[in-house]
Amino acid sequence: MKPYHIDRTALEHFCTHVFIALGLSEEEAVDSSEILVSADARGIASHGVARLWRYENGLRLGIMSGGIQPTILRETPISLVLDANGAMGMSLSRKTMDQVIEKAKVSGVGFASIRNSNHFGIAGYYSEMAARSDMIGIAMTNTAALGVPTFG
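If you count by numbering that gives the first Met the number 0, then the sequence shown holds residues 0 to 151, one letter each, in order.
One should not assume that every hint holds.
Pair by pair, the computed Cβ-Cβ distance ranges are [claimed, not checked]:
hint : residue 1 : residue 2 : range
1    : A130      : G42       : 14 to 22 Å
2    : I77       : I5        : 39 to 47 Å
3    : I135      : T75       : 14 to 22 Å
4    : R7        : R73       : 35 to 43 Å
5    : R41       : D97       : 14 to 22 Å
6    : L60       : A122      : 23 to 31 Å
7    : K1        : I71       : 47 to 55 Å
8    : L145      : R7        : 23 to 31 Å
9    : R7        : P76       : 22 to 30 Å
10   : T8        : T70       : 28 to 36 Å
11   : E25       : I5        : 32 to 40 Å
12   : A44       : V147      : 18 to 26 Å
13   : H16       : A130      : 27 to 35 Å
14   : R41       : K1        : 40 to 48 Å
By construction, these hints were calculated from the structure, which means they are not laboratory data.
Note that beta-carbon positions come from the ideal geometry of N, C-alpha and C, so glycine has one too.
Sequences and hints are given; from them, build the entire structure.
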């Protein structure tokens, strides 16, 4: 199969339009599209635009929702705990990482935990956000038991 190239900006615009048509706000759609396309640009196709159909399915079935505001369950000068209330994970995670970075600039460290969210894309996207601010960032998530452990 011959490789082909798709213009990154065009692909982000396409994904943004799909997400808006599915009910996401423009900000959520732009964030989510950037994160999906970033995955493909890094060669992580498993978390890229190929997942768009899963988001479409989840949004149509009500498994995830757009336009939902998280609930702040707890906040300190260095930490933040949010309930996503079923929101899309990518845009919320980007906004939360922005908040964590600001907390770390003031206090030297920042942490966040988000519950009741959905797929957040590639974890490296959020770590890279911290790196661009001259910080170390670690991003993690949980998932359903979908596979056999290594050597298991």
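We went through each hint and held it up to the structure:
{"no.": "1", "hint": "A130 / G42: 14 to 22 Å", "in the structure": "holds (18 Å)"}
{"no.": "2", "hint": "I77 / I5: 39 to 47 Å", "in the structure": "holds (41 Å)"}
{"no.": "3", "hint": "I135 / T75: 14 to 22 Å", "in the structure": "holds (20 Å)"}
{"no.": "4", "hint": "R7 / R73: 35 to 43 Å", "in the structure": "holds (38 Å)"}
{"no.": "5", "hint": "R41 / D97: 14 to 22 Å", "in the structure": "holds (21 Å)"}
{"no.": "6", "hint": "L60 / A122: 23 to 31 Å", "in the structure": "holds (25 Å)"}
{"no.": "7", "hint": "K1 / I71: 47 to 55 Å", "in the structure": "holds (50 Å)"}
{"no.": "8", "hint": "L145 / R7: 23 to 31 Å", "in the structure": "holds (29 Å)"}
{"no.": "9", "hint": "R7 / P76: 22 to 30 Å", "in the structure": "violated (38 Å)"}
{"no.": "10", "hint": "T8 / T70: 28 to 36 Å", "in the structure": "holds (35 Å)"}
{"no.": "11", "hint": "E25 / I5: 32 to 40 Å", "in the structure": "violated (22 Å)"}
{"no.": "12", "hint": "A44 / V147: 18 to 26 Å", "in the structure": "holds (22 Å)"}
{"no.": "13", "hint": "H16 / A130: 27 to 35 Å", "in the structure": "holds (30 Å)"}
{"no.": "14", "hint": "R41 / K1: 40 to 48 Å", "in the structure": "violated (22 Å)"}
Violated hints, listed in ascending order, are 9, 11, 14; each of the other numbered hints is respected by the structure.
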